[in-house]
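Student: Counting along the sequence shown from 1, when you hit position 58 you're at 693 in the numbering used here, and nothing is skipped either side.
By construction, these hints were calculated from the structure, which means they are not laboratory data. A couple of the hints might just be wrong.
Said to hold, decoys possible - Straight-line C-alpha distance at most 30 Å; calculated DSS-like pairs for lysine-lysine:
1. 693 with 704
2. 677 with 704
3. 708 with 677
4. 693 with 708
5. 693 with 677
A quick note: this is a predicted structure, and the numbers were derived from the prediction, not measured.
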Amino acid sequence: MVCLLGSDNIWLRYNYLKIWNLRTLDPGPCREYVVKWYFDPKANSCAQFWFGGCQGNKNQFDSQEGCRKSCVKM
636 MVCLLGSDNI WLRYNYLKIW NLRTLDPGPC REYVVKWYFD PKANSCAQFW
686 FGGCQGNKNQ FDSQEGCRKS CVKM
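Based on the sequences and whatever the hints tell you, model everything.
Tutor: Next up, the structure:
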């Protein structure tokens, strides 16, 4: 997954934010409970959540660093 939120291209940033707003936190229906990280575009930050281990969406990262490097606008 790649976030373009750091881009100077305003059109790209606006449209990507629209997509991200649709990709809210989704832990999935399973019950494996693995710690993952997700990007919150409104807060421009990453946070931990319990991922169920199946389904969900692409707004999940294995580490806080991976989430920050990919998504957080500096």
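Student: All hints are to be evaluated individually against the structure, with a verdict given for each.
Tutor: Each hint tested on the structure:
1. 693 with 704: holds, 15 Å
2. 677 with 704: Distance of about 17 Å is within 30 Å: holds.
3. 708 with 677: holds, 11 Å
4. 693 with 708: Distance of about 19 Å is within 30 Å: holds.
5. 693 with 677: Distance ~17 Å between residue 693 and residue 677 Cα, so the pair holds.
Going through the hint list in order, the structure satisfies each hint without exception.
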